[in-house]
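Q: Based on the sequences and whatever the hints tell you, model everything.
As you go down the protein sequences, you meet chains V and C in turn. Going by our numbering, the first sequence opens with residue 1, and the numbers climb by one from there. Going by our numbering, the second sequence opens with residue 1, and the numbers climb by one from there.
Worth flagging that the hints you see were computed from the coordinates, not collected in a lab. Cβ atoms here follow ideal geometry from the backbone N, Cα and C, with glycine treated the same way. Check each hint, because a few of them may be wrong.
[Claimed, not checked] Here are the computed distance ranges between Cβ atoms for each label pair:
1. 267(V) / 31(C): 47 to 55 Å
2. 378(V) / 31(C): 25 to 33 Å
3. 27(C) / 107(V): 56 to 64 Å
4. 2(V) / 56(C): 30 to 38 Å
5. 87(C) / 15(V): 37 to 45 Å
6. 195(C) / 258(V): 29 to 37 Å
7. 143(C) / 258(V): 40 to 48 Å
8. 7(V) / 212(C): 48 to 56 Å
9. 277(V) / 374(C): 14 to 22 Å
[Stated by the list, open to error] Examples of chain C residues toward chain V, derived with CB under 7 Å:
10. 272
11. 275
12. 279
13. 283
14. 292
15. 307
16. 312
17. 317
18. 379
19. 382
20. 389
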Amino acid sequence: MPLYYDDDQAMLADSASDFIREEGAIAKQLRHWRDRDCKDGFGHGLWEQFGEMGFTGILLPEEDGGLGMGQVEANIVLEEIGANLTPSPFLSSSVLAATALKHGSDDTRGRWLPDLVAGKNVYAVAIDEGPKHRPEKIACKAEKSGNGFKLTGKKDFVVYGASAEMIVVAARTSGSDSDADGITLFAVPQDASGMSHDSVRLVDSSMASHITFDSVELDGDAVIGEVDGGREILNAMLRAGRVGAAAEGVGVARGAMDMTVDYLKQRKQFGKLIGEFQALQHRAAHLYSEVEIARAVTIKAAQLIDAGSEQAELMTSVAKAKVAKAAGLAVKEGVQMHGGIGMTDEYDIGLYMKRDRALQEFLGDMYYHAGRVAELSGY
Amino acid sequence: MADLEQFRAETRSWLEANCPPEMRKPVEDENDVYWGGRNAKFKNDAQKSWFEACRDKGYTVPAWPKAYGGAGLSPAEAKVLREEMARINARPPLSSFGIWMLGPALLHFGTEGQKQRFLNEIARGEIRWCQGYSEPGSGSDLVSMQTYGEDKGDHWIVNGQKIWTSYADEADWIFCLVRTDKDNKYQGITFMLFDMAGDGVSTKPIKLISGNSPFCETFMDDVKVPKSYGEDIPAYVGEINRGWDVAKYLLGHEREMISATGGGDRASSLGAVTSRQGELDPVLRAEMALFDVDALAFTAMSEKFLDEVKVGKGHPAQPNMLKYAGTELNKRRHELLMAAGGSRTLEWESEETEHGKPARSWLRTKANSIEGGTSEVMLNVVAKRILELPGA
Ligand SMILES: Cc1cc2nc3c(=O)[nH]c(=O)nc-3n(C[C@H](O)[C@H](O)[C@H](O)COP(=O)(O)OP(=O)(O)OC[C@H]3O[C@@H](n4cnc5c(N)ncnc54)[C@H](O)[C@@H]3O)c2cc1C
Ligand SMILES: Cc1cc2nc3c(=O)[nH]c(=O)nc-3n(C[C@H](O)[C@H](O)[C@H](O)COP(=O)(O)OP(=O)(O)OC[C@H]3O[C@@H](n4cnc5c(N)ncnc54)[C@H](O)[C@@H]3O)c2cc1C
Chain V
1 MPLYYDDDQA
11 MLADSASDFI
21 REEGAIAKQL
31 RHWRDRDCKD
41 GFGHGLWEQF
51 GEMGFTGILL
61 PEEDGGLGMG
71 QVEANIVLEE
81 IGANLTPSPF
91 LSSSVLAATA
101 LKHGSDDTRG
111 RWLPDLVAGK
121 NVYAVAIDEG
131 PKHRPEKIAC
141 KAEKSGNGFK
151 LTGKKDFVVY
161 GASAEMIVVA
171 ARTSGSDSDA
181 DGITLFAVPQ
191 DASGMSHDSV
201 RLVDSSMASH
211 ITFDSVELDG
221 DAVIGEVDGG
231 REILNAMLRA
241 GRVGAAAEGV
251 GVARGAMDMT
261 VDYLKQRKQF
271 GKLIGEFQAL
281 QHRAAHLYSE
291 VEIARAVTIK
301 AAQLIDAGSE
311 QAELMTSVAK
321 AKVAKAAGLA
331 VKEGVQMHGG
341 IGMTDEYDIG
351 LYMKRDRALQ
361 EFLGDMYYHA
371 GRVAELSGY
Chain C
1 MADLEQFRAE
11 TRSWLEANCP
21 PEMRKPVEDE
31 NDVYWGGRNA
41 KFKNDAQKSW
51 FEACRDKGYT
61 VPAWPKAYGG
71 AGLSPAEAKV
81 LREEMARINA
91 RPPLSSFGIW
101 MLGPALLHFG
111 TEGQKQRFLN
121 EIARGEIRWC
131 QGYSEPGSGS
141 DLVSMQTYGE
151 DKGDHWIVNG
161 QKIWTSYADE
171 ADWIFCLVRT
181 DKDNKYQGIT
191 FMLFDMAGDG
201 VSTKPIKLIS
211 GNSPFCETFM
221 DDVKVPKSYG
231 EDIPAYVGEI
241 NRGWDVAKYL
251 LGHEREMISA
261 TGGGDRASSL
271 GAVTSRQGEL
281 DPVLRAEMAL
291 FDVDALAFTA
301 MSEKFLDEVK
311 VGKGHPAQPN
321 MLKYAGTELN
331 KRRHELLMAA
341 GGSRTLEWES
351 EETEHGKPAR
361 SWLRTKANSI
371 EGGTSEVMLN
381 VVAKRILELP
391 GA
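A: Structure (structure tokens):
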């Protein structure tokens with residue numbers, strides 16, 4: 001498969017880009033909700049528009065009301081979300097939760113998918129149990145109880161958790177904390193009794209929940225897939241989410257780079273445009289090459305996922321790590337090259353730096369994924 | 001599609017029958033390859049039979065038209081051939097500046113007569129070419145070059161000095177930038193082709209930090225270069241005084257070629273290879289992992305670039321970016337190889353290291369970000385042409 005967008009994908013990219021640049025713009029969304037101290041951290045109106053555009057069900061098959069597209073297409077939307085810093089539950093709802101729900105029974109899909117596709121509902125996923133991403137270890141427990149399960153434990157940094165009508169929870173149904181097996185995924189409704197949220201605002205103005213499950217009673221149909229057999233679905237979710245986060249990161253990098261290069265062409269010091277100084281030109285050119293390379297490997301990883309290739313796992317980690325490097329560079333250079341104005345809240349460049357920091361941690365940072373690259377390569 | 005699959009099957013069995021086992025190992029340094037030319041010698045029989053089989057099939061230059069010694073493969077077929085050769089680690093049958101640099105320029109700018117003659121000679125490995133661009137005072141600032149060709153009607157008399165001419169002492173012919181109009185910086189250069197066996201051309205090897213001497217100073221004293229080698233075979237490419245266009249076009253190809261060194265042995269991760277030699281210190285292992293991330297990502301970028309070239313997408317200055325990123329990566333790769341190998345890699349002349357291969361290769365890679373235009377010059381081009389930053 002060639003590593004560029006085919007005609008349909010290019011068309012999607014154009015329409016996603018126009019729509020998100022217009023409706024998802026920083027002033028209209030990120031600043032708007034932040035300055036109102038919105039407890040959701042994103043706009044439900046925009047989410048409904050995402051539904052009208054069909055984006056919400058982009059990864060879902062047509063029989064579930066979706067567009068039946070792949071990861072490459074989901075990533076196209078995510079790159080634009082990143083470039084415009086649009087606060088959106090797209091990644092958690094339409095990529096992570098949707099990937100899990102695809103493995104659900106007819107009943108499960110019938111219950112949750114229509115409202116997701118319509119842009120009415122937002123879903124979250126609860127995987128991590130600490131400040132670093134460690135999905136290899138899951139301690140949160142679900143014990144058999146009557147026809148269903150009793151969920152006990154704690155999950156951290158559940159993105160938009162408090163706004164979600166349903167949360168996909170990875171819990172242990174057998175074995176010990178570090179076992180690969182014995183994981184089950186549950187679709188936990190927001191109103192389940194015994195579940196409590198401690199919702200916090202993060203550096204990028206997004207909201208995340210620390211969730212405590214205190215003997216939360218779940219009936220049998222809350223199970224997604226097989227009991228004890230959730231690891232594979234979890235891995236599929238993680239792959240989709242990681243490559244999606246990489247795509248969003250490419251967008252963040254691109255957005256920060258474009259702002260910076262524009263600034264270099266406008267700001268004058270010492271009687272010259274600062275873009276004339278070679279010290280800055282070389283850094284900008286280096287940055288460009290890092291961002292292009294990160295973008296290429298992200299497209300590659302998404303294509304491999306869509307093709308069901310064995311290489312997808314490795315390339316996903318390569319992409320997540322490479323994007324972390326490139327986007328990290330883009331935002332740091334961005335703030336620096338803006339000089340004093342880059343430190344002001346009024347100017348957008350700092351917002352890119354904040355979003356990048358959150359994305360770095362989400363589903364594994366550069367160090368985590370470089371470590372996985374080493375392991376998957378056999379060293 | 002079905003045709004391609006059939007082509008793949010045929011290619012696979014042809015390679016099986018024609019590529020000797022000794023030629024199915026990655027090239028480790030410049031001495032592992034066959035360069036062709038009048039004085040060429042084969043290292044062994046395997047190298048000879050592999051070269052001859054490829055030559056007869058047009059596989060020294062698979063994508064060139066059959067009339068010029070190629071196999072006339074479509075881009076898709078050429079890709080299949082590349083993939084099948086990579087699958088068995090097949091060595092390139094012929095390495096040549098003629099193939100990488102002059103050939104593409106002739107295909108683009110050459111007359112039919114030039115193509116018939118020179119491309120065929122290149123494809124068949126008969127004439128070995130070298131590139132005479134740089135001068136002692138003109139490296140990055142190539143258009144400042146001074147070598148002068150005085151117009152004498154049906155010929156020029158060329159005087160001057162070139163430097164860093166790779167393999168000039170082993171080359172048969174040179175493609176050379178010569179100033180033919182002193183008043184015009186850009187439009188006063190002619191791209192000439194001439195035989196180095198003629199009177200007045202001499203070369204003197206320069207020893208490199210790797211201990212090898214693959215390049216030379218090249219002196220031209222009253223060299224007589226005819227304007228034509230026969231009907232429709234001018235001795236210059238493109239137009240007289242417009243050689244800069246040709247030189248620039250060719251540099252684009254050279255940069256692409258050099259950037260291809262970036263991923264190194266793409267099939268395997270550097271960390272995997274080095275950890276087989278012994279345990280890696282934790283910090284070195286981490287560096288390896290971060291390197292592998294960059295190398296695998298760069299490989300995806302190269303692939304994307306080639307895919308885009310085929311359909312005419314992408315920015316024309318993109319090869320400069322690839323050259324920059326690829327060569328910096330290759331230098332890092334060799335630094336890590338030295339660190340992983342430890343003291344053994346310091347051995348300059350031992351059986352164990354095949355005469356200091358690791359150290360010599362490490363030193364050789366330092367030229368990657370200099371030859372064909374330095375990293376700084378690549379960054380200048382990206383800044384100006386892609387990012388459109390202001391300034392001279
Ligand atoms: C938190 C904070 C507190 C401050 N407090 C004070 C204070 O108390 N009093 C006060 O007077 N000022 C203060 N400043 C201002 C500070 O001194 C300036 O921000 C600083 O000098 C940079 O100038 P600038 O912001 O105009 O950036 P610019 O000069 O516009 O620079 C923009 C970018 O271009 C680069 N650049 C500019 N010229 C060149 C060149 N010739 N070559 C290469 N690169 C170049 C810069 O390094 C920078 O990356 C403060 C700034 C901050 C952020
Ligand atoms: C192994 C090897 C093989 C070669 N083979 C050939 C060959 O076959 N034929 C041939 O013609 N040439 C050949 N070259 C020459 C090569 O193209 C030149 O070395 C190269 O273009 C750099 O020129 P220079 O060495 O004169 O360095 P200089 O141009 O003097 O540069 C010195 C330093 O200054 C920096 N610099 C120069 N100008 C700028 C600028 N505007 N902005 C920022 N930094 C700048 C450079 O990046 C470099 O770091 C070869 C070189 C090597 C190392």
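Q: With reference to the structure, classify each hint as holding or not holding.
A: Each hint, compared with the structure:
1. 267(V) / 31(C): 47 to 55 Å: Because 52 Å falls inside the window, the suggested range holds.
2. 378(V) / 31(C): 25 to 33 Å: holds (31 Å)
3. 27(C) / 107(V): 56 to 64 Å: holds (60 Å)
4. 2(V) / 56(C): 30 to 38 Å: Given range 30 to 38 Å: holds, Cβ gap about 32 Å.
5. 87(C) / 15(V): 37 to 45 Å: holds (40 Å)
6. 195(C) / 258(V): 29 to 37 Å: Taking Cβ atoms as reference, residue 195(C) and residue 258(V) lie about 52 Å apart, which means the hint is violated.
7. 143(C) / 258(V): 40 to 48 Å: violated (33 Å)
8. 7(V) / 212(C): 48 to 56 Å: holds (50 Å)
9. 277(V) / 374(C): 14 to 22 Å: holds (19 Å)
10. 272: Since the shortest Cβ distance to chain V is 5 Å, the answer is holds.
11. 275: Because about 4 Å separates residue 275(C) from the closest Cβ in chain V, which is inside the 7 Å limit, the hint holds.
12. 279: Violated: closest Cβ of chain V sits about 10 Å from residue 279(C), beyond 7 Å.
13. 283: It is violated, given that the least Cβ distance between residue 283(C) and chain V is near 12 Å, above 7 Å.
14. 292: Given a least distance of 5 Å, the restraint on residue 292(C) holds.
15. 307: This interface hint holds because 4 Å falls under the 7 Å limit.
16. 312: violated (11 Å)
17. 317: This interface hint is violated because 10 Å lies over the 7 Å limit.
18. 379: With a closest approach of 4 Å, the residue 379(C) hint holds.
19. 382: holds (4 Å)
20. 389: Nearest chain V Cβ about 4 Å off; hint holds.
The structure fails to meet hints 6, 7, 12, 13, 16 and 17 from the earlier list, while all remaining hints are met.
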